[in-house]
Structure formats: structure tokens, C-alpha cells
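Participant: Listed here are the chains, written in short residue letters.
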Amino acid sequence: MPKLEELQDLVVQVRRDILRMVHKVNSGHPGASLGCTEFFVALYNDVLELKPVFEMDGIGEDLFFLSNGHISPVFYSVLSRKGYFQVEELNTFRLINSRLQGHPTTHEGLPGVRVASGSLGQGMSVAIGAALAKKLNKDSHLVFSLHGDGELQEGQNWEAIMYAAGNKVDNLISTIDYNGQQIDGATKDVLPMGDLKLKFEAFGWDVVDVKEGNDLKAILEGLKEAKSRTGKGKPVCVLLHTIMGHGVDFMMHTHAWHGKAPSDEQLANALGQNPETLGDY
Amino acid sequence: MTTYTDQGKNDTRSGFGAGLAELGRSNPNVVALCADLVGSLKMEKFIEENPERFFQIGIAEANMMGIAAGLTIGGKIPFTGTFANFSTGRVYDQIRQSIAYSDKNVKICASHAGLTLGEDGATHQILEDIGLMKMLPGMTVINPCDYNQTKAATIAIADHHGPVYLRFGRPKVANFTPAAQKFEIGKALILSEGSDVTILATGHLVWEALIAAENLEKQGISAEVINIHTIKPLDSEAVLKSVKKTGCVVTAEEHNYLGGLGESIAGLLALHHPTPQEFVATMDTFGESGTPEALMEKYKLNNKAIAEAVIRVLKRK
Numbered sequence: 009m010p011k012l013e014e015l016q017d018l019v020v021q022v023r024r025d026i027l028r029m030v031h032k033v034n035s036g037h038p039g040a041s042l043g044c045t046e047f048f049v050a051l052y053n054d055v056l057e058l059k060p061v062f063e064m065d066g067i068g069e070d071l072f073f074l075s076n077g078h079i080s081p082v083f084y085s086v087l088s089r090k091g092y093f094q095v096e097e098l099n100t101f102r103l104i105n106s107r108l109q110g111h112p113t114t115h116e117g118l119p120g121v122r123v124a125s126g127s128l129g130q131g132m133s134v135a136i137g138a139a140l141a142k143k144l145n146k147d148s149h150l151v152f153s154l155h156g157d158g159e160l161q162e163g164q165n166w167e168a169i170m171y172a173a174g175n176k177v178d179n180l181i182s183t184i185d186y187n188g189q190q191i192d193g194a195t196k197d198v199l200p201m202g203d204l205k206l207k208f209e210a211f212g213w214d215v216v217d218v219k220e221g222n223d224l225k226a227i228l229e230g231l232k233e234a235k236s237r238t239g240k241g242k243p244v245c246v247l248l249h250t251i252m253g254h255g256v257d258f259m260m261h262t263h264a265w266h267g268k269a270p271s272d273e274q275l276a277n278a279l280g281q282n283p284e285t286l287g288d289y
Numbered sequence: 633m634t635t636y637t638d639q640g641k642n643d644t645r646s647g648f649g650a651g652l653a654e655l656g657r658s659n660p661n662v663v664a665l666c667a668d669l670v671g672s673l674k675m676e677k678f679i680e681e682n683p684e685r686f687f688q689i690g691i692a693e694a695n696m697m698g699i700a701a702g703l704t705i706g707g708k709i710p711f712t713g714t715f716a717n718f719s720t721g722r723v724y725d726q727i728r729q730s731i732a733y734s735d736k737n738v739k740i741c742a743s744h745a746g747l748t749l750g751e752d753g754a755t756h757q758i759l760e761d762i763g764l765m766k767m768l769p770g771m772t773v774i775n776p777c778d779y780n781q782t783k784a785a786t787i788a789i790a791d792h793h794g795p796v797y798l799r800f801g802r803p804k805v806a807n808f809t810p811a812a813q814k815f816e817i818g819k820a821l822i823l824s825e826g827s828d829v830t831i832l833a834t835g836h837l838v839w840e841a842l843i844a845a846e847n848l849e850k851q852g853i854s855a856e857v858i859n860i861h862t863i864k865p866l867d868s869e870a871v872l873k874s875v876k877k878t879g880c881v882v883t884a885e886e887h888n889y890l891g892g893l894g895e896s897i898a899g900l901l902a903l904h905h906p907t908p909q910e911f912v913a914t915m916d917t918f919g920e921s922g923t924p925e926a927l928m929e930k931y932k933l934n935n936k937a938i939a940e941a942v943i944r945v946l947k948r949k
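The listed protein sequences derive, respectively, from chains A and B. The number in this note's numbering is simply the position in the first sequence, starting from 1, with 8 added. The number in this note's numbering is simply the position in the second sequence, starting from 1, with 632 added.
If we strip away everything but chain A, and leave its shape as in the complex, we get (with noise of 0.2 Å):
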């Protein structure tokens, strides 16, 4: 188990690499993903039982499915750090002949990635089916996912969550990044969604709510809970109290940074914050 320490290091190194990233090509997702960064690095490096080598398949290992794949470049970053290719192709983050494309996806065969992911509301459907193959063929590892709070808007993820539980997919931890925030403004004023741990319990899930979502610590606390909770019957839900551009002070609070880039000066004043830990790409 890897110190706190080394992980609050390596989430200031992906914050840059995000950045980083986003400003090169002036264009990508940074508020969501610099606010889901301490889940993403504690899960990947505490949480997940990995295999060395990625093969699509999964089996004998956990899975994750990042369901609201705008956030790309946390999780390009973290894979990477991960080791699942090198930390250089985070230079060719939405260039022309990449395999980081936008949203993720399995097309140009990108180790770590299982899934494609962008249209909205349809990572929870695959996650259940990623479950409950891991139930046909035995295995005991786990499958998470990862979902905008926004992203509930779309209905299949209430099909979803009515068929997990309905079916007690319970080796299934769903994630919800409840930033409050999403392109058009903030979540209660473009479509107002009602107090999500009530309907996740009356849809029947367990649920574990994580109020600091941007501590390590908390998040590595709540999915540990998480994960005790499963096998009991039902599927569990973490509820993720996040904040939208966490790290950067004048990216958090607010939508603004949902999908635009930093100028060169706001960059350097981002990158400011976050001094180089683990060394830049």
C-alpha cells in the first residue's frame, strides 16, 4: 500500500499532465477531470486489484468504466502512470493518428480502456454486463464505474439502476462525481435532480457518501466501505462530493472550466499551484 504522501504527489503530477494537456491542443474537459483526480489516483493505485498485463477480457482482475468520458485526460494520465503506455503519448492527447482520442475508446487499442465512452448514460448498462460476466465465469473481483452527476439526466442510467438492483448486481461499486456542476450551468438550475441518495436507496442500492471528495484519505475511507458492502445483495453506489477544477483556484466553483482550455497565462498561474512532483511528460 503506497503512503498518502506518495499519492497526494502523484495527483499534483496528473493535475499538470491535465492541464498540460487541455492547453496544448486547446480544447478538452479539465473541470471535471482535475476534480475527479484523488478518486482516480486512489483508485487506480489502492484500490483496484490490477494484472500487470492489460487484456480486454478482465478476467481474474478488477474493472473500471469511466462512463462520463469527457474526463479523458485524468484518466490518460492516470493510466499512464499506471504504466499502461508510456507517459510520452499524453503529447498526442486529441492530435490527428492518436490512440487518445477525445473520449476514450477501444478503436486504436488503447491499454486500459474497455469500452467506449462519450454519448452519455451508457457506462452503468455496460458495467452490469461486465458483472454479471464475472459472475457467470466465477470470479470475485469487482467491476467500478465512474459517472457524471449530470450524466444521471440521461434515462438508461435509471434502467440501469433499476436492473442492478432489481437483479442484485452486487459485485458493482457505481460512482457518482456529485460536482453540482455541468456544461450549462449548475445541475439544480439546468435540470434539477432531486436528492440522488434518496432515489439510489429507493431504487433499491446501497449507498456510501463520501463528502470530501477531493481528500484522499475520505476516498480511499469510502471505497474501502464500498467494498465491504458488496456481495451483501445489492449494488453499491459512492456518492462523490467533489469540486468542479479542484486544485486550481480560479477553476473551482464553477462550470466555466467544464470544457475550456486555460490561456498560456492561466496555465502558468495553474501550473504554479501544482508544482512538478513526479517529473512532467
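Hints listed in this document are in silico derivations from the structure and should not be mistaken for laboratory results. Keep in mind that a hint or two might mislead.
With a Cα cut of at most 30 Å, we get these calculated DSSO-like pairs of lysine-lysine [stated by the list, open to error]:
1) A:K176 - B:K677
2) B:K804 - B:K819
3) A:K225 - A:K240
4) A:K146 - B:K936
5) B:K949 - B:K936
6) A:K90 - A:K11
7) A:K143 - B:K677
8) A:K219 - A:K205
9) B:K641 - B:K949
To list a few chain B residues with every Cβ distance to chain A over 12 Å, as calculated [unchecked claim]:
10) S672
11) I705
12) P803
13) A870
14) T917
15) K936
Beta carbons are placed, not taken as given, at the ideal position from N, Cα and C, and that holds for glycine.
Dock chain B against the given chain A, drawing on the hints supplied.
Facilitator: Leaving out everything else, chain B in the frame of chain A:
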């Protein structure tokens, strides 16, 4: 010409059900999903014999497509079952992203395609599904003609890696292909050789094409009838060879002429061998309620319509 005998009317969806049941016994990786239409899709036998490999999804087709995509990740070969309308148009984006673009080994099995669904009317009679599915890169599109061929196709697609759209229907129609005939994806079948015109038919229209060819022969017209059970990948070689011999072509399908088999053939011929072509298809219209026979008559999708199209195309040679 070669003549064929109806071995007894049967529905293509029952061919699917029989094929799926056989796969249940022969291939442990085959799993099946259904969105509340088990009886209509004839999936009971598979479910009875393999309850642990069947997933009742409920009336939630989008979720079904996603779950199917996920099941492939653990090495399963999922067969989804619902009506053609709900297998395609309703879930197009799910198929596009989670299955086709993600190269997932899902078999989308679609019953009640086309007008012959009958009395339920246009809401359920999809005539655009072949077009929707053939436009997806990497998607194989199959529309078998009778019970035996649908059963054989169902079994064959399990061994093909990649997404497949298998289209079949509701009514009992002539069952005339040999029960033991192996199904080869993408390999057109020349049912009857001829020299004056090529009739390229798919699905329920294949039997009608054979009847039309028999009637045309009585008028001294020699028609070559080819069963294009696989619309994508198209057997270009077989089509071009026949059309080069006959010099004109009629395409016949239970689908809109926009996006269907006829359009694929027109595209092929425009590139390689421009040839007069007539379309037996629906003409950019929705269907309506009625008996299958009455609908196929009204929308000109029967042997009479094929014979008339042959007369028209011969004049354009």
C-alpha cells in the same frame, strides 16, 4: 430453372429460436438477453435449458444493448432479442458507441421486421433498420429468407467475431432451403440460373422472387434468382458476375428503397458496372395495419410486383 418446394410454412423467428437453443447446447459462451418479448422471439427453449445464461432485462432496450456489450468483456457471446424497431432505431446510439465503435461481439437479433409484422401497424413495422445498421462501420447485416436459413444463420454468427445484425420476421412463410445447408456469411446463393435478368432478393422476398421467376419463365423470360442473405458484407463478386451476364437487375426487399439492399446494389453497380435496375421495396413511406398479405400486395412487395419490375427493367436494357 431450378424449382423449390415449400417443406411446410414456418416463421423465421422460430428458426432463430431453434438455432439459439442449439447454440445453448453447443457453445457455453453463448448468453441471451431479452427485453420482455421472450415468446415473440421464441427464446423459451434456450431459457428452459440454460436459465443461468439468460437475462430478462425488462422493457429497457438501451440498457439491454449496454449490458450485452459488457458481457462480451468477460468472453461471453450475447444474443439480444427484441423487435427490429426496438433493436435498431430505439437504441441506435447505444449500438453505435457501446457495440460497433467498441468492437463488441454482440449479436443483435431482431424479429418482426418490416410490413409483415402486420396488424400492429407502422409504429412497429420498421422499414429503415437495414440502412441504419449497414451504415455502422464493422457491422455485419444478415436477413435470411426462411426458417431453415434463419436457424443456420443464428448458429453461424456465433462463430463470427464482431457485431452482427440478424433480421427476421413474424409470419409463417415458405420453408424451402435445405435443412442441412450450412450458412456462410457474405456468400450469396444462386438459387436459379438465368440469362435475361438478375433478381437479387433478401428475406421474405426470396420465395416471392422464385415464384416470379417461375411465372416469367412461362412468358419466355429467363431470370437468375440470387438470395442475398448477407447485405453487408455484400457478395460483390457474385452480383457482378450475374449482372454482367444478364445486363439488368431487380432488387427485392421488405425495406425502404432508401438504405436497403437495392441501394447497396446500386452503389456497387455505379462503381463497377452501371446497369439498369428496378427496386421492389417500400418507396419512402411508413406502413400501416393490415394482414401481411394485404400489406405486401398494397405496397407492391410480392411476386407480382417483382415480375412487373422485371418487365420494366427489360425495356431499359
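Participant: A separate judgement is required for each hint: does it hold in the structure or not?
Facilitator: Hint-by-hint comparison with the structure:
Our distance criterion of 30 Å between C-alpha atoms is met by K176 (chain A) and K677 (chain B), whose separation comes to about 25 Å. The straight-line distance between the Cα atoms of K804 (chain B) and K819 (chain B) is roughly 25 Å, inside the 30 Å bound, and the hint therefore holds. Between the alpha carbons of K225 (chain A) and K240 (chain A) the distance comes to roughly 25 Å, so the proposed pair stays at or under 30 Å and holds. As the CA atoms of K146 (chain A) and K936 (chain B) are separated by approximately 57 Å, the hinted pair breaks the 30 Å bound.
Under the criterion of a C-alpha separation no larger than 30 Å, the hint pairing K949 (chain B) with K936 (chain B) is consistent with the structure, at around 21 Å. Between the alpha carbons of K90 (chain A) and K11 (chain A) the distance comes to roughly 16 Å, so the proposed pair stays at or under 30 Å and holds. Simply put, K143 (chain A) and K677 (chain B) have alpha-carbon atoms about 23 Å apart, close enough for the 30 Å limit, and the pair holds. Straight-line distance between C-alpha atoms of K219 (chain A) and K205 (chain A) comes to about 12 Å, which keeps the hinted pair within the 30 Å bound.
Of the supplied pair hints, the one linking K641 (chain B) and K949 (chain B) is violated, its CA atoms being roughly 37 Å apart against a limit of 30 Å. The claim that S672 (chain B) is not at the interface with chain A holds, since no C-beta of that chain comes within 12 Å of its own (minimum 20 Å). Not every C-beta of chain A lies more than 12 Å from that of I705 (chain B), the closest at about 5 Å, which undercuts listing it as non-interface. At roughly 31 Å, the least C-beta separation between P803 (chain B) and chain A is larger than 12 Å, which holds for a residue marked as non-interface.
For A870 (chain B), the requirement that its beta carbon stay farther than 12 Å from each beta carbon of chain A is met, with the minimum near 31 Å. With a closest Cβ-Cβ approach of about 30 Å to chain A, T917 (chain B) is found to remain outside the 12 Å limit, as its non-interface label requires. Here K936 (chain B) stays apart from chain A, with its beta-carbon at least about 44 Å from theirs, past the 12 Å limit.
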